[in-house]
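Take the sequence shown: its letters are residues 7 to 221, numbered as in my numbering.
Derived from the structure by calculation, the hints contain no laboratory data. In this text the structure is predicted, and so the values were computed from the model without any measurement. Honestly, I wouldn't trust all of these hints.
What the hints assert, rightly or not - List of simulated lysine to aspartate or glutamate pairs, EDC-like, C-alpha gap at most 16 Å:
(1) Lys86 - Glu132
(2) Lys8 - Glu195
(3) Lys103 - Glu114
(4) Lys84 - Asp68
(5) Lys22 - Glu46
(6) Lys39 - Asp26
(7) Lys146 - Asp131
(8) Lys122 - Glu87
(9) Lys49 - Glu25
(10) Lys67 - Asp83
(11) Lys122 - Glu132
(12) Lys61 - Glu25
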Amino acid sequence: MKDSVDIYILDTERLKGREDNIVQGIAPYYAEKSRRAKVESVKMQELGAGYILSKVLGVTKDEQLSFGEHGKPFLSDKSKEFSLSHARSYVVLAVSKVPVGVDIESTERLTLSVLKRVLPVAYFDELISMREKENPGCDKAAEEPQSPEEKLRWAKAWTSVEAVLKAIGSGFFLDPREDNSFMEGFHIESFPLRDEFMVSCAGRFPFTVHQNELT
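Kindly produce the complete structure, drawing on both the sequences and the hints.
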């Protein structure tokens, strides 16, 4: 039987008007990050991260959290593993028994040059190959996705790579363009969200995803 990963989804728009109450019940680390943020969307993302951790994992104190070498947070008591990600108004939290990584990305953000700066060469080349197969004679250097399917495929490739980097704990301290061997041995599950985002989750074990939306 496959293990399961619970993915919790929060639209921080739902928190507006409740900020003062919410900040009282989250870890001071996230309350302070939210307070210091200059951009409103970032302020809400940090508040949302603290809120989702408090609701799902009961994290309300800084001592409940520790941080890895590259800044990845984890539970100090190591009772569960988790990974956080955010994009625009959304915050997502993946919870598992073993190390896991999650990433959410807007499907509207990605261009060919952005992908080339981040994806492993083999992954980037595969996206170009698929573009040529779907649209023979197309401009393979076109910056924008040429179809809704390509847009989702790009977002899936991006979030898959970042989810693995988060599962490893390195983030982009490891340059994914240098060697794609870091992707080996990972199981990845992806799903679109609201037709505007892609979510990918990675772990070194077969798993199914259970989606949960928070209010």
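Each hint, compared with the structure:
{"no.": "1", "hint": "Lys86 - Glu132", "result": "violated (35 Å)"}
{"no.": "2", "hint": "Lys8 - Glu195", "result": "holds (13 Å)"}
{"no.": "3", "hint": "Lys103 - Glu114", "result": "violated (33 Å)"}
{"no.": "4", "hint": "Lys84 - Asp68", "result": "holds (14 Å)"}
{"no.": "5", "hint": "Lys22 - Glu46", "result": "holds (11 Å)"}
{"no.": "6", "hint": "Lys39 - Asp26", "result": "holds (14 Å)"}
{"no.": "7", "hint": "Lys146 - Asp131", "result": "holds (11 Å)"}
{"no.": "8", "hint": "Lys122 - Glu87", "result": "violated (31 Å)"}
{"no.": "9", "hint": "Lys49 - Glu25", "result": "holds (10 Å)"}
{"no.": "10", "hint": "Lys67 - Asp83", "result": "holds (13 Å)"}
{"no.": "11", "hint": "Lys122 - Glu132", "result": "holds (12 Å)"}
{"no.": "12", "hint": "Lys61 - Glu25", "result": "holds (15 Å)"}
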